[in-house]
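**Q** In case it helps, full-length UniProt numbering puts the sequence shown at residues 1 to 297.
Treat the hints as calculated values from the structure; they're not laboratory data. Be aware that a few hints might be false.
[Said to hold, decoys possible] Taking lysine-lysine pairs in the DSSO-like style, the calculated list, with each CA pair at most 30 Å apart, reads:
1) Lys282 <-> Lys234
2) Lys195 <-> Lys282
3) Lys77 <-> Lys270
4) Lys234 <-> Lys277
5) Lys270 <-> Lys282
6) Lys195 <-> Lys277
7) Lys102 <-> Lys270
8) Lys102 <-> Lys195
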Amino acid sequence: MMFLLNRNLHKFNWRIIGNIIGHVLLIEGFLLFLPLIVNMIYQESVAMAYILTIILCILLGFPLSRLKTKHTSYFAKDGMIAVGLSWIVISLFGALPFFFSKEIPSFIDCFFETVSGFTTTGSSILTDVEALSHASLFWRSFTHWVGGMGILVFLLAIVPRSNERTMHIMRAEAPGPVIGKLVPRLKDSAAILYKIYLMLSIIMVLFLLAGGMPLFDSLCTTFGTAGTGGFAIKNNSIAFYDSVYLESVITVFMLLFGINFNLFYFMLIKNVKAVFKSEELKVYLLIVIGSIVLISL
1 MMFLLNRNLH KFNWRIIGNI IGHVLLIEGF LLFLPLIVNM IYQESVAMAY ILTIILCILL
61 GFPLSRLKTK HTSYFAKDGM IAVGLSWIVI SLFGALPFFF SKEIPSFIDC FFETVSGFTT
121 TGSSILTDVE ALSHASLFWR SFTHWVGGMG ILVFLLAIVP RSNERTMHIM RAEAPGPVIG
181 KLVPRLKDSA AILYKIYLML SIIMVLFLLA GGMPLFDSLC TTFGTAGTGG FAIKNNSIAF
241 YDSVYLESVI TVFMLLFGIN FNLFYFMLIK NVKAVFKSEE LKVYLLIVIG SIVLISL
């Protein structure tokens, strides 16, 4: 049994997998500067928790990202392993600020909260979410935004090595069950997806601001909506604002963020026919409408 396991493990391109994980850690370290900035704005006392985590991400991520291999391309099995391990690693390191700041005393609880964020599950162990610092509220919600599109799709958009082989990562990461190349270069396809994601997020923030929601709240609410996980920064969630307008905006954008982003691209290039032909979109809307009817009965 062990012989077969070892033989199967040797079939993977571990150096390229390690290289990908290293880049993911470096990206996570960079993203952790955002809650650190929030900490500075609100003059809170959790800065060291984020600084330590950033240092750890760099210390492990940099040497891994420098791993070289003779074979730069990888196959489906390598892509799937890279995706799976990357999510575990970013969740482990993403949980550290909560643990180092002692805002969530148990590391298991920290890990659960972070996994729930990155996977956009939306489950939480917190009974008083408002007790968290602004920095940690921001990071907690931001994990939804990162997980909504996938940190590895972002990696594909910025790493020059992206090629035909990296489609295996694209398929495992991007939203929607049918992911294909939108343009000839896969790197450009990933960039297009993230531009659409960012554009929708900015538009939603503007709509929330128009409804009187504070900027910090608007950002965090948008992060939770974009990932479709629903992390909120108030104990009674959106009910705290007591606004039909805000609830309507969030509902509409939650629906939009659940759509395959390929369809948004088709709309941008005025290929409306492809959108209306999408069986996935039709089923998605039928499920939503059917659920609304059943709940209303």
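**Q** Is Lys234 within 30 Å of Lys277, Cα to Cα?
**A** violated (40 Å)
**Q** Given the hinted pair Lys77 and Lys270, is their Cα-Cα distance within 30 Å?
**A** violated (36 Å)
**Q** Quick one, are Lys102 and Lys270 close enough, alpha carbons at most 30 Å?
**A** violated (51 Å)
**Q** Starting from Lys195, check that the Cα of Lys282 is at most 30 Å away, please.
**A** Holds: Lys195 and Lys282 sit about 24 Å apart, inside 30 Å.
**Q** Are the Cα positions of Lys102 and Lys195 separated by 30 Å at most?
**A** violated (36 Å)
**Q** For the pair supplied as a hint, Lys195 and Lys277, is the alpha-carbon distance within the 30 Å limit?
**A** holds (24 Å)
**Q** Holds or violated: are the alpha carbons of Lys270 and Lys282 at most 30 Å from each other?
**A** Holds, at about 19 Å.
**Q** Take the C-alpha atoms of Lys282 and Lys234, compute the straight-line distance between them, and say whether it is at most 30 Å.
**A** violated (34 Å)
Consistency with the previously given hints fails for numbers 1, 3, 4, 7, 8, ordered from lowest to highest.
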